[in-house]
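Chains U and C supply the protein sequences, listed in that same order. No gaps in the numbering here: position 157 of the first sequence is 157 in this note's numbering, and each next residue is one more. No gaps in the numbering here: position 236 of the second sequence is 236 in this note's numbering, and each next residue is one more.
A portion of the hints provided could be inaccurate.
In silico BS3-like cross-links for lysine-lysine, where the CA-CA straight-line distance does not exceed 27 Å [as the list claims (entries may be wrong)]:
{"#": "1", "chain 1": "C", "residue 1": "Lys250", "chain 2": "U", "residue 2": "Lys138"}
{"#": "2", "chain 1": "C", "residue 1": "Lys124", "chain 2": "U", "residue 2": "Lys94"}
{"#": "3", "chain 1": "U", "residue 1": "Lys159", "chain 2": "U", "residue 2": "Lys138"}
{"#": "4", "chain 1": "U", "residue 1": "Lys98", "chain 2": "C", "residue 2": "Lys124"}
{"#": "5", "chain 1": "U", "residue 1": "Lys297", "chain 2": "U", "residue 2": "Lys94"}
{"#": "6", "chain 1": "C", "residue 1": "Lys124", "chain 2": "C", "residue 2": "Lys7"}
{"#": "7", "chain 1": "C", "residue 1": "Lys124", "chain 2": "U", "residue 2": "Lys159"}
{"#": "8", "chain 1": "U", "residue 1": "Lys138", "chain 2": "U", "residue 2": "Lys22"}
{"#": "9", "chain 1": "U", "residue 1": "Lys98", "chain 2": "U", "residue 2": "Lys159"}
{"#": "10", "chain 1": "C", "residue 1": "Lys7", "chain 2": "U", "residue 2": "Lys94"}
{"#": "11", "chain 1": "U", "residue 1": "Lys22", "chain 2": "U", "residue 2": "Lys98"}
{"#": "12", "chain 1": "U", "residue 1": "Lys98", "chain 2": "C", "residue 2": "Lys83"}
Note that these hints are calculated values from the structure, not bench results.
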Amino acid sequence: MPTTHTLDIANAGGSSMLLDIKNLDVTFGAGDNPFRAVAGVDLQVAPGEIVGIVGESGSGKSVTMLAAMGLIDAPGRVTADRLSFAGRDLLTMKPREKRAIVGAEISMIFQDAQTSLNPAYAVGDQLLETLAEHQNLKGAAARARVLELLEQVEIPDAKSRLSAYPHQLSGGMSQRVMIAMAIACNPKLLIADEPTTALDVTVQAQIMELLVNLQRQNNMGLILITHDLAVVAEVAQRVVVMYAGEVVEQSPVPDIFNTPRHPYTQALLCSIPEHSKGAERLATLSGVVPGRYDRPKGCLLSPRCPYVQPVCHNEHPLLEATHRGSARCFFALDDAGRPSHG
Amino acid sequence: MIQFLLKRLGVVIPTFLGITVLAFALIHVIPGDPVLVMLGERNIDPTYYREAMHRLGLDLPLWQQYLHYLGNLLQGDLGTSIKTNIPVLQEFLALFPATLELSLAAMGFALVFGLAAGIVAAVKRGTVVDHTVMGAALTGYSMPIFWWGLILIMVVSVHLGLTPVSGRIDIEYDIAPITGLMLIDTLISGEPGAFVSALEHLILPAIVLGTIPLAVIARMTRSAMLEVLREDYIRTARAKGLSRSRVILKHALRNALMPVVTVIGLQVGTMLAGAVLTETIFSWPGIGKWLIDAIGARDYPVVQGGILLIASMIILVNLLVDLLYGVINPRIRHAR
Ligand SMILES: Nc1ncnc2c1ncn2[C@@H]1O[C@H](COP(=O)(O)OP(=O)(O)O)[C@@H](O)[C@H]1O
Ligand SMILES: [Mg+2]
């Protein structure tokens, strides 16, 4: 189980992991100025597990997941030591085989559900398309299944919604349709990329509840990307913290909230009470995530870190095992939340 | 829907009146008159000339002539050709199918290749393919029709001998005009040779007339596709595991068609103007050639009526395009 040193387990050959990513790099831009939007990311998800991914905007959360889905386009480049799903290697797989998995066994929902639905097609048709593509389900049987899905995501008066167009739906309804589409083929893994960020606060809670219920019913793996650490604390079993394209800490849920090891995680936790939607800036950290042109040389957090030491400016820390997880810091915080250089 | 049509009619009627004034004024600005042209400028018997002018009502003040014309028009009378003495509408209806066939062929050519070129350029954006396609489109767009037509005739017809130089069909075939569209009529006639001949005659004029619309459609399709391909719903379509061609042709193209349809509507006007030139180059017996001949003969009723009928067609096509929006875009359909 992922509750112990996941990284080490993952090193050992064919894993029992649902999603197994090792040393993932995603690079944009060519020539002498490439930009590593994702650098050396490791990520494992066990069957039926809920993993939260947190980090400010621009940390590389979405790009990591899009790479796993095979949705990074040239000139973006994806490399990894391992990228496998349910024991199958996604890196060497033929595109056709991969397309059979994507949308069926792994599916993804996005932040802005309303713009994620095609405005030119009725909701029912967009759902039917998924069923036709992956399950060869057509006609009356397919329509019945679509209705069932819409009811499963608790869309009232589902029958009349079949012929509705996306512009006739609210944001919450659109996200429910997206979820229906994502679970249409009973996926083993659902990736939810900030699924509630664009919604009203009251609707946010409903959608979260729906997602967690569906996860439990279908025993799906769920990757939940969110700014809302309170939600993560409630539903996730494990949290991965990303910063500037790297994983800076990952740990089981109670630990990461009680004893964060990385200063960045600590800062994220401090920002919870503010609960600012979008959380662009953090309460205790000045500045923003370094982008393409201002990545520092040493530790990527060094310009913003309250505990920064000379070595942090010059050397890049590795992800090292902590009590039950791992953290990327030379002076990982102790149980009292103080840096280990004293 | 009915409200929408009424609203459009409110615009159409003043436009129409404006066109009658313009058509009337323009043809009378050109020096000379039908009688002079018919008789030749020298050796005119002044008495006969005055009589002829009177018979045609051309001795009245211009404003009276115009009101007279408008009065007849309101009764559905477009007048009679001075040269042939045949009603203008009858001449128009006899010749229009030839122009329609040419225009449809040209638009079909422009649509197929324009859409394909635009899609390929957008999908291969920034590559050699993209630059080549767009360079060719720019060249096509700036090509003068007359020059382009003559080049094609010289190379394809004269030098290579692949297609005939002019007309709609070889004279050896005598085809009964059932629909007026030569391709269909020859098919009905059951003579395979006639159909091939009609097709061969149609190809070059259609290419010449379709080149500019092709270029415009290609550029519009490319930019619309580039915009649409960045949309979130394209990412969704790909996340569904759909094939690339399905994502592009079903999810992207449908949304990119909106601006393209607008452009096609606008191109119909340009195209009818182009048809006049193209028909002249290829001696294509349509309304373009008819109008040019009528201007030469100062055949006032034909010129006025012809312009009016062409304008009506353009207005009608644009109305159809507006309706087509609703079919393509559900947002418009439901807003109405
Ligand atoms: N297609 C792309 N081309 C270039 N840079 C990109 C592209 N997609 C994302 N990025 C960059 O990668 C970084 C990480 O982005 P993203 O994964 O969207 O962040 P997050 O989801 O954590 O907010 C950002 O700096 C972003 O600007
Ligand atoms: Mg994101």
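So, going through the hints one by one against the coordinates:
1. C:Lys250 with U:Lys138: With a Cα-Cα distance of about 18 Å, the restraint between Lys250 of chain C and Lys138 of chain U holds, given a limit of 27 Å.
2. C:Lys124 with U:Lys94: 21 Å, holds
3. U:Lys159 with U:Lys138: 17 Å, holds
4. U:Lys98 with C:Lys124: Given that 27 Å is the threshold and the Cα spacing comes to 22 Å, the pair holds.
5. U:Lys297 with U:Lys94: 38 Å, violated
6. C:Lys124 with C:Lys7: 42 Å, violated
7. C:Lys124 with U:Lys159: Violated: Lys124 of chain C and Lys159 of chain U sit about 41 Å apart, past 27 Å.
8. U:Lys138 with U:Lys22: 39 Å, violated
9. U:Lys98 with U:Lys159: 33 Å, violated
10. C:Lys7 with U:Lys94: Not satisfied, since the Cα-Cα distance of roughly 56 Å exceeds 27 Å.
11. U:Lys22 with U:Lys98: Cα-Cα ~18 Å, so holds.
12. U:Lys98 with C:Lys83: 73 Å, violated
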